[in-house]
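Colleague: Here is how the chains run, residue by residue.
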Amino acid sequence: MNTAAFFIPAWADILAIGIGSLQGALFAAQFRDRRLDLLGVAVIGIATGFGGGILRDVLLNQLPAAMQSNWYLPTAVIAALVGMFLERIFSRLSKVITVLDALTIGLFGAIGTTKALAVGVPPVPAVFLGAVSAVGGSILRDLLLNLPIAIMQVGSLYAIAALAGTSSIVVSIAFGVNVTIAAVVGVVVTFGVRILAVLFNWSLPEQRRLEKI
Amino acid sequence: MNTAAFFIPAWADILAIGIGSLQGALFAAQFRDRRLDLLGVAVIGIATGFGGGILRDVLLNQLPAAMQSNWYLPTAVIAALVGMFLERIFSRLSKVITVLDALTIGLFGAIGTTKALAVGVPPVPAVFLGAVSAVGGSILRDLLLNLPIAIMQVGSLYAIAALAGTSSIVVSIAFGVNVTIAAVVGVVVTFGVRILAVLFNWSLPEQRRLEKI
Amino acid sequence: MNTAAFFIPAWADILAIGIGSLQGALFAAQFRDRRLDLLGVAVIGIATGFGGGILRDVLLNQLPAAMQSNWYLPTAVIAALVGMFLERIFSRLSKVITVLDALTIGLFGAIGTTKALAVGVPPVPAVFLGAVSAVGGSILRDLLLNLPIAIMQVGSLYAIAALAGTSSIVVSIAFGVNVTIAAVVGVVVTFGVRILAVLFNWSLPEQRRLEKI
Numbered sequence: 029m030n031t032a033a034f035f036i037p038a039w040a041d042i043l044a045i046g047i048g049s050l051q052g053a054l055f056a057a058q059f060r061d062r063r064l065d066l067l068g069v070a071v072i073g074i075a076t077g078f079g080g081g082i083l084r085d086v087l088l089n090q091l092p093a094a095m096q097s098n099w100y101l102p103t104a105v106i107a108a109l110v111g112m113f114l115e116r117i118f119s120r121l122s123k124v125i126t127v128l129d130a131l132t133i134g135l136f137g138a139i140g141t142t143k144a145l146a147v148g149v150p151p152v153p154a155v156f157l158g159a160v161s162a163v164g165g166s167i168l169r170d171l172l173l174n175l176p177i178a179i180m181q182v183g184s185l186y187a188i189a190a191l192a193g194t195s196s197i198v199v200s201i202a203f204g205v206n207v208t209i210a211a212v213v214g215v216v217v218t219f220g221v222r223i224l225a226v227l228f229n230w231s232l233p234e235q236r237r238l239e240k241i
Numbered sequence: 029m030n031t032a033a034f035f036i037p038a039w040a041d042i043l044a045i046g047i048g049s050l051q052g053a054l055f056a057a058q059f060r061d062r063r064l065d066l067l068g069v070a071v072i073g074i075a076t077g078f079g080g081g082i083l084r085d086v087l088l089n090q091l092p093a094a095m096q097s098n099w100y101l102p103t104a105v106i107a108a109l110v111g112m113f114l115e116r117i118f119s120r121l122s123k124v125i126t127v128l129d130a131l132t133i134g135l136f137g138a139i140g141t142t143k144a145l146a147v148g149v150p151p152v153p154a155v156f157l158g159a160v161s162a163v164g165g166s167i168l169r170d171l172l173l174n175l176p177i178a179i180m181q182v183g184s185l186y187a188i189a190a191l192a193g194t195s196s197i198v199v200s201i202a203f204g205v206n207v208t209i210a211a212v213v214g215v216v217v218t219f220g221v222r223i224l225a226v227l228f229n230w231s232l233p234e235q236r237r238l239e240k241i
Numbered sequence: 029m030n031t032a033a034f035f036i037p038a039w040a041d042i043l044a045i046g047i048g049s050l051q052g053a054l055f056a057a058q059f060r061d062r063r064l065d066l067l068g069v070a071v072i073g074i075a076t077g078f079g080g081g082i083l084r085d086v087l088l089n090q091l092p093a094a095m096q097s098n099w100y101l102p103t104a105v106i107a108a109l110v111g112m113f114l115e116r117i118f119s120r121l122s123k124v125i126t127v128l129d130a131l132t133i134g135l136f137g138a139i140g141t142t143k144a145l146a147v148g149v150p151p152v153p154a155v156f157l158g159a160v161s162a163v164g165g166s167i168l169r170d171l172l173l174n175l176p177i178a179i180m181q182v183g184s185l186y187a188i189a190a191l192a193g194t195s196s197i198v199v200s201i202a203f204g205v206n207v208t209i210a211a212v213v214g215v216v217v218t219f220g221v222r223i224l225a226v227l228f229n230w231s232l233p234e235q236r237r238l239e240k241i
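So the protein sequences, as listed, match chains Y, D and Z. Each residue of the first sequence is one higher than the last, beginning at 29 in this note's numbering. Each residue of the second sequence is one higher than the last, beginning at 29 in this note's numbering. Each residue of the third sequence is one higher than the last, beginning at 29 in this note's numbering.
Keeping only pairs whose Cα atoms sit at most 20 angstroms apart, straight-line, the calculated SDA-like set for lysine to any residue is:
| # | chain 1 | residue 1 | chain 2 | residue 2 |
| --- | --- | --- | --- | --- |
| 1 | Z | 240 | Y | 118 |
| 2 | Z | 240 | Y | 114 |
| 3 | Y | 240 | D | 117 |
| 4 | Z | 240 | Y | 110 |
| 5 | Z | 123 | Z | 220 |
| 6 | Y | 240 | D | 120 |
| 7 | Y | 123 | Y | 216 |
| 8 | D | 240 | Z | 57 |
| 9 | Y | 240 | D | 114 |
| 10 | D | 240 | Z | 58 |
| 11 | D | 240 | Z | 60 |
| 12 | Y | 240 | D | 109 |
| 13 | D | 123 | D | 183 |
| 14 | Z | 240 | Y | 58 |
| 15 | D | 123 | D | 216 |
| 16 | Z | 240 | Y | 116 |
| 17 | Y | 123 | Y | 57 |
| 18 | D | 240 | Z | 110 |
| 19 | D | 240 | Z | 119 |
| 20 | Y | 240 | D | 110 |
| 21 | D | 123 | D | 231 |
| 22 | Y | 240 | D | 116 |
| 23 | Z | 240 | Y | 57 |
| 24 | D | 240 | Z | 117 |
| 25 | Z | 240 | Y | 109 |
| 26 | Y | 240 | D | 113 |
| 27 | Y | 240 | D | 57 |
| 28 | D | 123 | D | 178 |
| 29 | Y | 240 | D | 121 |
| 30 | D | 240 | Z | 113 |
| 31 | D | 240 | Z | 116 |
| 32 | Y | 240 | D | 60 |
| 33 | D | 123 | D | 228 |
| 34 | D | 240 | Z | 120 |
| 35 | Z | 123 | Z | 229 |
| 36 | Y | 123 | Y | 43 |
These are calculated hints, taken from the structure and not from any lab test.
My request is simple: use the sequences and hints to build the entire structure.
Modeller: Okay, here's the thing in structure tokens:
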């Protein structure tokens, strides 16, 4: 399955990183007991905003995109500090942020999966790498804050939304769909699953063992 | 020291990953308070089953083996879910699992060290990379579960068994032994040290300082 | 901005790694409740001593320097064990160690930033990679010990000192300063900021939000 990567305009990429980073700072604001300083908030912003992309590129054995541009790091740092200072405003906008974030994980997933396919990675790990691109930032954020990894716990389908979207991309491309259309479909699927999961409180079952054996 | 990598048949590789992943899920089952969902169990399975191999390949600056095949990820996910559902059965088989696991860390260590040597890495880091291949999965598992890293604590020689085996491989090859024989010797050494440590409760001393200075 | 990397003599590199590793072991000695064994102390030494260099090289998509030499790993292991055994002596030398450590983060930062520039990384991520080289080891140390990440918390400008030094390098080189002179200036800036911060208790403000909006 040889394919081109799905590129989004630079402003969309920067915007998605900014949203991720801002969210990281809002999340960190709940933990005043950690005594994070301004640099700590910036680190959380960087980790949340493009940690997923860095994990993707490290696993693809490529120089990370964030190391090739002067724009990513300042975007993430400024977005994190804006999020921290204006937390009172953004906390009133939590619905808007949930919607933008659903779009962001859709975009990151689509970029990750198509980049993996473009490099020659087979379909199954390409789906995985798309999901890592989408949710890797939140994993790094939780590790750096010594918190349980949110995406591993019972909650509103976040990584599953990313996996659904990236799987749809691989299937579409296998059926000969053009990569841009496949990517757009993937973003829509991720967005839809995530928003529906939030609205209807969908979640995966908790870990359990069969008792009657 | 130029050498070929030690290859094991694909079925043995897949089996070893399955055993690692299944063990990760059994381990995670002790922590019901974490509220892991099915995806969380799958993530632990993936991390435990081939986290070591991914760390090895990232440190060798190579595209990870797990990103080059459609088989690794489903194997790890299915093994983890089987481990979770059938935990009551497997908990009765803990001796069998300890034996299979000792074999698994031996295999992962041998693959890691010979791959490192084949890439041109010098003997000392090759021993280190073999040990990382063997125990890296358990380190990632503990990080993702916010637990103390088991291999760093007083316990039955686990990483030491891997280091003994991978050291024996490097020494054997330096003495001109064929790579396959050296690898088999390495697996036997790791297996032997680990099983004897479990049987006789061998462990390393705890950290301590000299008091009379 | 095309430039050569700043090389330090091998003995200085080994010494810097030994100081980092020794400090890791002294730090770990505060946590007797973790029941670290000798291997655990060695792992902390390795992570603290050249974790930053490994993160740097992984992010630069290069084979890590530590995987290309037989000297790094034994240096880190021996320094960690010496630190552990002789903790009573070194704890009386804490001022000397603070000074040597300020020099070490300056050196690691200068090596990291100039290596990044030499590989063709733009200025902003080159500053970031220098800081990662300098403080990445302490981040890995804290992760492996399940501790809050020290550099993210209110404390005496540690990462900020590294960022100040690596920024000065990038600015100097942009103004046409020779790489060796720029690197020396960077080490002096990092050293100066760090030591002044310790002496005068300088720190960054804690995370806060604007309340009147």
